[in-house]
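Enquirer: Quick mapping for you: the protein sequence lines, in order, are chains A and B.
Numbering-wise, the working numbering puts 350 at position 350 of the first sequence, and it's gapless, one number per residue.
One gets the working numbering by counting positions in the second sequence from 1 and adding 1000 to each.
Each statement offered as a hint is correct.
If you anchor each label on the Cβ, the simulated ranges turn out as follows:
id	chain 1	residue 1	chain 2	residue 2	range
1	B	K1129	A	M184	36 to 46 Å
2	A	L371	B	G1012	14 to 24 Å
3	A	F40	B	Q1067	50 to 60 Å
4	A	M184	B	E1111	46 to 56 Å
5	A	R20	B	P1035	43 to 53 Å
6	A	P302	B	G1012	20 to 30 Å
7	B	G1027	A	G12	31 to 41 Å
8	A	A29	B	H1187	48 to 58 Å
9	A	F331	B	N1005	46 to 56 Å
10	A	G22	B	L1015	42 to 52 Å
Chain B residues, not near chain A, derived (Cβ > 12 Å throughout):
id	residue
11	Q1204
12	R1214
13	W1223
14	L1263
Hints in this document: simulated from the structure, not taken from any laboratory.
Idealized CB from N, CA, C, for every residue including glycine.
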Amino acid sequence: MTSWRAIRLVMGREVRERSRSGAFIVSVAITLLLVAAVLFLPLIFADDDVYYGVGVVGDGNQAVIDAAVALANPPGRELRTTIEAVSFASREAAERAADAEEVDGVLMDGREIVVRGAGGEAGGALVSLLQRGARSVQIESLVASGAGEVVDILTSQPLEVRSLSGADAEENNERSVIAFGGLMLLYMAVLLYGSLILSGVTEEKTNRVVEVLLAAFEPWQLLAGKILGIGLLGLCQFVGTVVIALVGINLTGVVDLPEFPIESMLMLVLWFILGYSLFAVMFGAAGALVSRAEDAQTVVAPISLVAVAGFFIAIQAVSNPTSTLSVVTTFIPPTAPFVAPVRFAFQAIPLWQMAVSVALMVLTVVVMTRLAGRVYLGGLLRFGSRVGIREAFRSAEL
Amino acid sequence: MLELNRLSKRYGEVLALDECSFRVERGRMLGFLGPNGAGKTTAMRSVFNLVSLDDGSVTWRGRPVGQSERLHFGYMPEQRGLYPKMKIGRQLTYLGRIHGMTNTEAGAAAERWLEELGLSDRIADPLEKLSHGNQQRVQLAAALIHDPELMVLDEPFSGLDPFGVETMSEILRARAASGAAVVFSSHQLDMVEDLCQDVAIIHQGRVVMGGEVRRLKMDSPYWVIEVEMRTGDTERLSRLDSVVSVDFDGYRHRIVVRKGGDLSDLVSLLDLGGDVRHFTFSAPSLSELFREAVMG
Chain A
1 MTSWRAIRLV
11 MGREVRERSR
21 SGAFIVSVAI
31 TLLLVAAVLF
41 LPLIFADDDV
51 YYGVGVVGDG
61 NQAVIDAAVA
71 LANPPGRELR
81 TTIEAVSFAS
91 REAAERAADA
101 EEVDGVLMDG
111 REIVVRGAGG
121 EAGGALVSLL
131 QRGARSVQIE
141 SLVASGAGEV
151 VDILTSQPLE
161 VRSLSGADAE
171 ENNERSVIAF
181 GGLMLLYMAV
191 LLYGSLILSG
201 VTEEKTNRVV
211 EVLLAAFEPW
221 QLLAGKILGI
231 GLLGLCQFVG
241 TVVIALVGIN
251 LTGVVDLPEF
261 PIESMLMLVL
271 WFILGYSLFA
281 VMFGAAGALV
291 SRAEDAQTVV
301 APISLVAVAG
311 FFIAIQAVSN
321 PTSTLSVVTT
331 FIPPTAPFVA
341 PVRFAFQAIP
351 LWQMAVSVAL
361 MVLTVVVMTR
371 LAGRVYLGGL
381 LRFGSRVGIR
391 EAFRSAEL
Chain B
1001 MLELNRLSKR
1011 YGEVLALDEC
1021 SFRVERGRML
1031 GFLGPNGAGK
1041 TTAMRSVFNL
1051 VSLDDGSVTW
1061 RGRPVGQSER
1071 LHFGYMPEQR
1081 GLYPKMKIGR
1091 QLTYLGRIHG
1101 MTNTEAGAAA
1111 ERWLEELGLS
1121 DRIADPLEKL
1131 SHGNQQRVQL
1141 AAALIHDPEL
1151 MVLDEPFSGL
1161 DPFGVETMSE
1171 ILRARAASGA
1181 AVVFSSHQLD
1191 MVEDLCQDVA
1201 IIHQGRVVMG
1211 GEVRRLKMDS
1221 PYWVIEVEMR
1231 TGDTERLSRL
1241 DSVVSVDFDG
1251 YRHRIVVRKG
1261 GDLSDLVSLL
1271 DLGGDVRHFT
1281 FSAPSLSELF
1291 REAVMG
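Extracted from the complex, chain B is given alone in its bound form:
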């Protein structure tokens, strides 16, 4: 288990991390969310000792993270980059070796990953000869080459086409299923909701919401009602006491209501006996939780 414990870091006037804490369990995937500039990259870098923290500690299985622990971590930084002129096979072998593998092990792993990503025939090509999408694949292989027990990925889905997104999701799922702890940052909240069991939402250097996605949803003080009907007055709905907000997209009303509130006036207004074609009553989506957490 990776644990970030009250991390603080100040860059001049800017407080990048303000007692930021969260944990990533083995066998699970955690989505690390937050608006731009919230401190995501700084927090992820601190796992690899790339940031000299003002305060706080990072531990792996209860022990402070040092160089030997980091050998079992895989990292995909936000700023992608490998050696452009180095042949990809040799490059991956080198990256395996710097994570403690022998030359033979690393060479075999490089071949295996290139095979898996459909790049076997490019093994002797320098990185710069590959297309953008294939370079991204090599970058992923670079983070996976040594079968890391922990994977930290900074915006792994940005810049990927739908096929790339699919490959990435599958591989990350497989890593988590085989017992690795996976944490990645993203702005694509739907994808996080789809992939991750846990989330941590960071805002202004502080984790403002975190935990299991399902639990967070259940613990939310709101319900979401989605209803599709011919009539329906958005104005009147939003004036009701139990209603927090109403969105109407031309087809459906999305109504956020307070838990435990009296919904009878709402129900009478919805005219459920009429021509309702769709009605759902559910917990809020991750997007709504995110907005709630960040906007306050």
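Next comes chain A alone, as it looks inside the complex:
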């Protein structure tokens, strides 16, 4: 039997048995419900009329605002969205008012919009609304003059967005949504599927079927098949969730996405694969050390802590994608899967850094697989009390 056939058999069993199990179906349903809830709940519970105050400076603002209000209040919609324009004499005066939260944003000459911070829900929705208004104004003038490409306008951002808290914060709002949302998904997926590996390995050891399997398979084939099988399920669920989230965002307009962020999505998938592989291998080795599910928590604590640390460093990277901490942790394999995609979403990672980070990650996964395979073999056939990692390592040959 070739190794590949052995791995495929283990993989096939994992996929078939798990995808049929109630627990898996429930977990898929819950994930999708959560995503849907995050996207649609704001709409469902938007039972108040919406009011925005916008400071205006210069000309050409009212057309944009009128168009935005018209778009926000389609016929038949009961809730009203109102945008009140407050005139200011100068840019400075308007920005002061925005900073003091007297107005929600400032529109300048119908071309530029200034909001308080990069994030913020109200700011994001307002920007999105005004962008759509501005697009509609452009299209009208285009239709009037009979020139230009409508598509360009539909996919562009006519208004330049500037934030008072950071000068280069154009598109920061959308980017941080992608980065943060992606990070959450990645973190959840890595830990969720990593812990499935853990329980799968411990289960096989607990019900002793592992000895029958190891009589036919090499230990690394069993581990690899399990990781690939659960990983495949995880990847499908992960990609599904990401796609549904993005489609949902486009449908609901909770966040204004100018274009489908296909690069960010591919990057998330890449880092899901890398991050999952590394953590799965570690969880697999940990699972082999214990005979009972109760003991499992003790051995995975250090691994979970590393993931949590990576998550918090990545949150820090959302607001500070080029800080020293962010750069350094891009090159540390356990934290890289969380930090690198965040930095990528902000386009704050040079290509060479990404390449080195991926290469280091792949190398680590390969080395860890070999080490984990050894711990796995050493631990699997020792039943009863918890096996020390050194003991497991020594009792098996590489």
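Keeping the supplied structure of chain A fixed, place chain B upon it in accordance with the hints.
Expert: Only chain B this time, still in chain A's reference frame:
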């Protein structure tokens, strides 16, 4: 033929295998005997490369055992276990496939074995829904699903009821008769004597006695005389030069004597002309050989 060649394995302070050697012939059954902790499980695991040996080798038909050889082996570990939530039909099919069968072959074999073991109607039940005895049957089917050329079974009779013991014995006999090499460990020496042509007795990691049961018995330096009579003085019997030991269970005397010794004093003492109701003169039983081998 399976050959274990001077296997050695040390776990820390404990020497689990100490140049352990024996061979299992095709078409024959070998009983692997030894007190608890003698190294039986370690030796059997080493056939499946589940133990990283310090020294020695395991060969099948003269070639070192690798993954492709192991596909033709069937293994029933001491710690029984399958997937509790997996349906038994699918489970057996999977186990057939991991031993190199195609999906169709494995599915057919699973049906055949479940039929043979009287579990046809349970094929779609998860293992955990079956009674303990039926789970044991599935476990046996799991070791047999791919018609292995070598079967290694670690304490296959432990925990079986008399019917289970009978089924197991018949199946193992049939496997050996069809040309497979069968080795199993057991503490039930009478059953081993009944089933096996060959034995290997392991003690402290070393095979201290091994070979064909009949030959071992003949080569034993002792005879066993069993006699049932009304009179008979155990004290006086055991003091005779030719007598090694005497057991009296209230009915019969079981007297172990040295081969080639002068038995005339014994014979005169037995008063064979009197009321003897039973007299046998035989080779020692496997239990006696075992005790001799292990106690020294």
